[in-house]
Structure formats: C-alpha cells, structure tokens
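Could you build the full structure based on these sequences and the hints that come with them?
Quick note: this note's numbering has the first sequence finishing at residue 2294, numbered continuously throughout.
Hint data in this document are derived by calculation from the structure and do not stem from the laboratory.
Here are the simulated SDA-like pairs of lysine to any residue, each with C-alpha atoms no more than 20 Å apart in a straight line:
#1 2033 with 1381
#2 2217 with 2260
#3 1764 with 1430
#4 1670 with 1753
#5 1396 with 1537
#6 2033 with 2137
#7 2019 with 1390
#8 2132 with 2142
#9 2019 with 2124
#10 2225 with 2258
#11 1758 with 1768
#12 1801 with 1784
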Amino acid sequence: MSENVAAPVIKATVREVPERVSLDGLENKFDARWRQEGTYAFDRSKTREQVYSIDTPPPTASGSLHVGHVFSYTHTDVLARYKRMRGAEVFYPMGWDDNGLPTERRVQNYYGVKVDLTLPYDPDFVPPQVPDGKVVKPADQVPVSRRNFIELCERLTAEDEKQFEELWRYLGLSVDWAQTYQTIDANSRSVAQRAFLRNLARGEAYQAEAPGLWDVTFQTAVAQAELEARDYPGHFHKVAFRAADDSPIFIETTRPELIPAVVALIAHPDDERYQPLFGTTVRSPLFGVEVPVLAHAAAEPEKGAGIAMCCTFGDLTDVQWWRELDLPTRSIIQRDGRLSREVPQWLNGDGAAFYAESLAGKTTFSARKEIVDALRASGDLDGEPTPTQRKTNFFEKGDKPLEIVTSRQWYIRNGGRPFTRRPVASTGSTSDLKDELLARGRELAFYPDFMRVRYENWAGGLNGDWLISRQRFFGVAIPLWYPVLASGEVDYANPIVPDEAALPVDPTSQAPADYAEGQRGVPGGFVGEADVMDTWATSSLTPLIVSGWERDADLFARIYPMDLRPQGQDIIRTWLFSTVVRSHLENDCLPWAGAAISGWILDPDRKKMSKSKGNVVTPMGLLEQHGSDAVRYWAASARLGTDAAFDEGQMKIGRRLATKVLNAAKFVLDINVGRLERPLAGSPEAKADVVGSKATEQIGTQDSPTIALDPALVTEPLDRSMLAGLADVVDAATKALEAYDHTRALEVSEAFFWTFCDDYLELVKERAYSSTPAAASARTALAIALDVMLRLLAPVLPFATEEVWGWWRDGSIHRAPWPTSDLLREAAGGVAPAGLTAAGHALAALRKLKSVAKVTMKTPILHATLAIPAPAIPAVAAAMADIRAAGKVEGPLMLIDAPESFDPTVQGGITVPEHELGEPPAKTPRA
RNA sequence: GAGCGAUUGGCGCAGCUGGUAGCGCGCUUCCCUGACACGGAAGAGGUCGCUGGUUCGAGUCCAGUAUCGCUCACCA
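Put into structure tokens, the structure is as follows:
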C-alpha cells in the first residue's frame, strides 16, 4: 500500500443528471444495454487462474419459478458481480433442467400423448391440439415414439425457458446468455452417456437383479435419495401361526395381505421366549405354508410380539433377512401394486383356492380386507386390529407407499456398498470409496460451514449403491443393447456398448454397430435397453456439461474444476453429493472448490412456501411492483444457509435505498458541476437567488462539468474523516465478500451510505454550495465517496447504480474495478473516522434542541453550548463552521469539556427566536 | 432415537477473537429545509429461552434443559 505509485487522477465528465430521478424502467433499459454491449459475456481467452466459474443450478423447466428461486439466484448473482468487479472473468452459465419426470408429465398432459416404445420415429408427426386446461385421459392419449415424445418435450420446454430467461434478465442476473444448456440437449445426453460408459468400463456402473424400492404409480424403481418417510396410518394385526403341536405363535403385522408371501418367522437370538422354536417350522394361517422359525440380530424383542413375519418383500428388513438368511423368494406384489393374478406355486389346497377366489389381481388394500375377514372367520386373528401411526417410505413425488419388487436395474457405485477403486494415478489410493467420498466432503468448502454435516450424514449413512435406471421415457437413454441368444433369451450379462463417437444414442430406435434394425428382438439379434437414466444421473454432470468435457478441451481447461456450486440445502444429498461422486470417479477431483447453500423462503407464518398452500407470489409481479433492485435487496439481506421470511417490508426498504442512491448521487453531481451553487447565506446576492431553479442552473453552467477525483483536493479534516470511515467500510465489505458473506458487506455499505447522507451531506452542504476555497474539498470528497459507494452497492443494486454511473462515468459499473481503500486512505491523510462521528453527534444535539422545541430544522439557533468529551473536542472544533451552518447557529456556539459523557450534549440550552416557536400546540387528548 | 440450526425490544434481524446491548420495520412527537415527502429530525421500547458453571466480568465460553425448524434413522 505504501509503495504504490500515485494512480492517475480520474476525471469524470458529468453528461446529464435528470431533473427527476426514477427507478422505473431501469430493468428493461439496462437489460437491453447489457445485452447489446455483451457486458457479461465470458471471455474464453482468459486462463484458469483468471476465471471464476459457477456451476449454476438449472431450474426445472416444467413449472414456474417462484420467490425462492429469486432469493437464491440473487445470492449467486451478487457474488458473481463482486468477483467480476474484482477482476475475475466470471463464467456464469444458465441451464434448464428439462429432463425427467416433471417434464414428462407436463408434456403428456399438454399434448395428450404417451410414449409407446414399440413405435418407430415419425418425422412428420404433428401433436394433437389440446385446449388449455383440458386433461386428456390416459386411455385417449395418442401413442408416439420416444423420439417424437422427446421432441415435444424440447418444444414445450423451449417456451418455458424463454419465459424464465425473461425473468432472470429482469431480475438482473449477470449470466452470460450465450452459455446455456438443457439437461436433455444433445450435448448433455452425450456427456451423460459417455460418463456412464466410462463408469461401466471401470466397473463403477453395474446391473443387478435384486429386490428394490418401487413406485407403483409411476411404475419405476426409485433411488434412496428420492425417498421420503411420511406418516402413514395403519393397523396392527395380531395373527396366529401354528406350531407342530397346533399351539399358536402370535406375530403382529401391519401388512396381513403379505401372509401368502411369508418365508420365515424371525426373532432375536437372545430372546428366551422364542429360543425353543428356533429350528422348528410353523404353519401360516389360511394358507398352511410351513415356514422356519429363525434367529437374527436385526429382530427387535420390544417391537410388536418380538417375533416378526418375514415376507418377500414387505420392507427393507425383509430384504436383509432374505439375503442374510438365504431365504426363498415368494413375491406376490406386482409392479402395478396388485397381487399377482396367478396363484403362487407354493400355495395349494384351500390356501390356493382362497387366493384364486379372493386375492388374485387385487390391490394391496382390498387384499388386506379379504385376508383380515378370513383371519377373523378362521379364528387366527387375536382381538381386533389396533390403529397405529408409522413412517413409511414414499417416492418424493408419489402418493402411494413404495413396494419392494425384484427387477433388473443399473447402479453406479457411490460408496453405499463397499468398493475399492483401482489405484488412481494422482494418489495411488486404494481406499474404500465411501471413505474417499467422505474425504472429498471435508475438502469442499461449504458456505456456511455447518451444511457440511448434511453431506457427511448422507454419505456416511448410505446403505446401497446409486440406482440410476428408471422405467420411464423422457430422460437420457442408457446407451446399451443386449444380444438375443439363439434361444430367444436376452443376454443381459454381455451388453453391446456403442462407440463414444456415436453418442448420443437411443437404443430403442437405433441399432448397434454391426447390426441391422431388422435384427431387433429376433434370435441372434439384439434388443435395446429400454430404461432411461434418472435425472440426477445427468444433472450430477453439470460441471462437465457446461465446461465442454471431451468436447472442447480448451474451454474445459479454463473452467474445470469449477469454483462454486450454489444450490439449495434440500438437494445436498442428491445434486451436490452425486456431482461429487461423478467428479471423483471420472476426474479424480472435486467438481468445485466451494458450495454456497441458500436457505428456504418461509411465508410469514414460518412455513415453507409452497404451491399447494397457495401462498406463492409470482416473481415477475413482485419485481414489477417493487423493482428488481428492491427485491434483490431483500434477498441479499439474508445470509447463506439461513431461512428467510418472505418480507415485502424489506423490499420497500430496498427500494428506499435505491431511490436514495439516485437522489444522493444527483445532489453530489449537481453540486460538483456548480448547478446548485449559490451565494453564501446573508450576502446581497442571496436575495436575488430566490427566483428559482432556472436562475440557479444558469449559475451552474459557468462551471466545468468535469470532476477530478483527486485526493489531493480533499483538505478539510471533516472530509478526510469521512473518507477514512469509507476506507474501513471498503475493507470490511471486501473481507466479508471474500468469505461469501454478502449480507455483512451490504450491511456495512448501507449503514455507511445512510450516515453519509444524514450526517456528512448535511454537514458539508452549505460549504459545498459556496464558492469558498474549502468548497472544493467537500465537493471532491463527495464525488470520491459517491464513486466508491456506488461500486460497493453495485452487486446488490445493479440497476440504480448503473443508472447513476451512466450520468458521469464511461462503460458499465459492473465492469468497473471493485473499490480498494488505498486511494481513500491517501485522501484521508491519517485523519481518523471518529471526527465525522463526533461532528455528527454535535449536529444531532443541535437537531434535538429543535425537535424538542417542535420547530423546523431551519430555525436559527441564537446561542448554544455543547458539552463534548475532551478527546472529541479538536475534531468538533475543526468542523465548527460546518456544524454551525448545518445547525443554522447564528449566535455563539460554545464547546465545553464533558468527561462523563461520550455523546455531545447541549448544556445551558439554546435560544431560538420567539416568533419561530409560535403558539404551543394544543394538547388534545387522543381517543 | 441421532445430528444440525435457531431462541436477543411488537415484528424481522446484527452482535467478529467475552467487558453490563445494536440496526431496520412498526409505534410516538415534530418538520413539505432548494438531492430526495418513495423525504427529514427527535423519542419510547429489551435484565439477550431456562438452570447451573468458568471468569474480576458472559447474548458472547462450558454443561444441562425447554421450545421451534431441518436432516438422517425408525415400515414386525
């Protein structure tokens, strides 16, 4: 700082300052200008060290953006603008997550179509016209090929995406709109398929035929990350199994409809009640199936009767027992959630007849009723079912409890099961994958830091690998085919893999190399994998998608690994974790250095805002009503990781601040170009000046419209003191933003700005108006402060600050350098910030006199005595002329030492002219 | 059941490495002062959830406890 060569003095030319300032219309005005001038365009000639790259969350395209989006995206934008002003070349893309179930459902309803995998692609397909709001019943939906369906998805989401972009532009996100992607576009599909194939080649992706959680509504397997435990009412049924001697063994179950699928009864090995039964068999009620009584440590003696019925499969504990005790498989629940239509082979006699007659093809709900009735009739039900409330796993988007069915699925290793990777070059590591991923979590910077525990909880608690295959249509296809053997059987164990150069591929409509389409589904031919990947399997690759992985090596080297992932706290276990997994497996590094986690928006009742509650405000309406700067101010007032209330009051404060910025700037600039210049009060010319603004303006035109931001011109102690305070603010704001604490930065900047307006501006006003030598000091200090304060506020208030910048500076403020304290400290010349504080207190004391006397502030004070703590006396004395002018003190103003008090107070009172006091206001009692 | 946050004037929040509380809104009173009435001035209002402990001294550190929120686990 000390050795710096004096920077050239900035000379600004004031072009035009509007007569009336306004925030209205700034959003569209500057969106157009920024677009035209490419203000936020990414310069890809910059090196990795110069680049700050952001892995922007792609919002779900099929739906609408809500206040929560505005909130969290503003956080990112504030940071992006800060980094840009700090000189970084910011890579700030925007994606649209149009891949997956939400889009699929929306397209299905919007166009009234459904996918039929057997149909060929029809290039001339025209979707049916569905009137707005009409819902086409599934039976009436037009079947289309998957490729046609995907085209419709792309068409519809393109419209949504246009609207989203409009909103983001209006909000002022400094995104480079040339850097956009969709999670279903060809590049994303290529990246997703390529990454999958590489996982496959390295043994990190595998398929397995296994029992897993299944949603019967969407008829797809779901992953652990998509589960949601919800309260679900049920009943305990006390049911008798029979031992060899016909004595009853009571179990308790909430799912009696699974009795036909029972494979064992299980109790804890130490449970003395059941120890005699271990190794024996018992008969199931109604069906008379003999099942063993077994011991397993996972059985809990306190739960229910202490002995559990193990069925294939009622829950994940059943799966565990089935696996560890090597039990047979007796599945009766089908993929549609109904009991199988054929009588299971292990049933016979009366049991088989009962099944055929009363249970086959029933939903679990009706089957349960049938079985309970039958148990009651047979005397195997002890007492009546007792209601209970339990937690059950649901698919987060579903509304029926998940069932467990056995199916062939694809998995990617994520540490949920023990796995050791091949030693990797960089570390030579052969540690367990879970440990490696936990280490990655420790390596990643979380803002705020406590969000890390969510990662650790999740990664540490995984109990299975990541299931990525979905039995859906709109998604990235799993890029595989399987040979069909001569027998007609499909050889899943030996998938046919496409060449990476051919990606993306759709195995349901394209034949693998060396095969002809005519060989599809015939012996000696092939079948295509029908499943798609889950949407997270694509979005876990966003850093690779945006950075041109395997497509644009030059770009990749400048962007990846990235600097920041901003995202919501709710998807740490999904998006954040899965991205770390993919990056770790593919690139052996973290995908980004840090993750900024935004909180929720709560409505005033402290409930999470949600559509279903009908309390969602449309963001565009909000922006139009309050102005984007105001809404951004509200968002920026909440710290990362903290939930915030939806608070329009805060937006009004933001608007007030933005308006104040315009007005204060207008004043500073006007006064600098002499537009407001006027003779000192009391001089003969003063009387002539009351004519009005026209005359004043004419005076102003005498001066040059050029302002020199020259620290050497700041000579008065009060002015220097103000700049010293601002220097501290710059340092504090910079430090806060470096720590991703945008709230703190805003707070200190804003507080200073108000002090600047309320105290400093008022104190120096008279001097700055005048043509005295000290006026130049005030004017220059005002201009220097304005220049710095505008830049401090620019990340939060991009529109108001850009407006003001345009009045007197060239280029965009958003490409201007972030302020440093050097120049300010130079101008302050060692004067302490406390001087302004003391003078401000002195002024406040004078104001208080008038306020207490209930007179207007322009009332002259005839004499006053200020008691000031001794250390502050020199500063106040130095600013005496300003204090007298601002306080309109016309008579003597005495300063005396008041060691007891830290604030200046008035002693002895003041005198204001009698006539100014007027009649004391009549005190009428209030109702 | 485990973990993580939060608990400060009516409301929304700050209080960094401990020294007897700050801001904004709202409220009261006053002022249309030539940057701004989308403004300005001055006020009233809190023993910082509770209980202990460390310390000369604790919203600030430690232990426990309560309430709220979230995350994970919990389907017999």
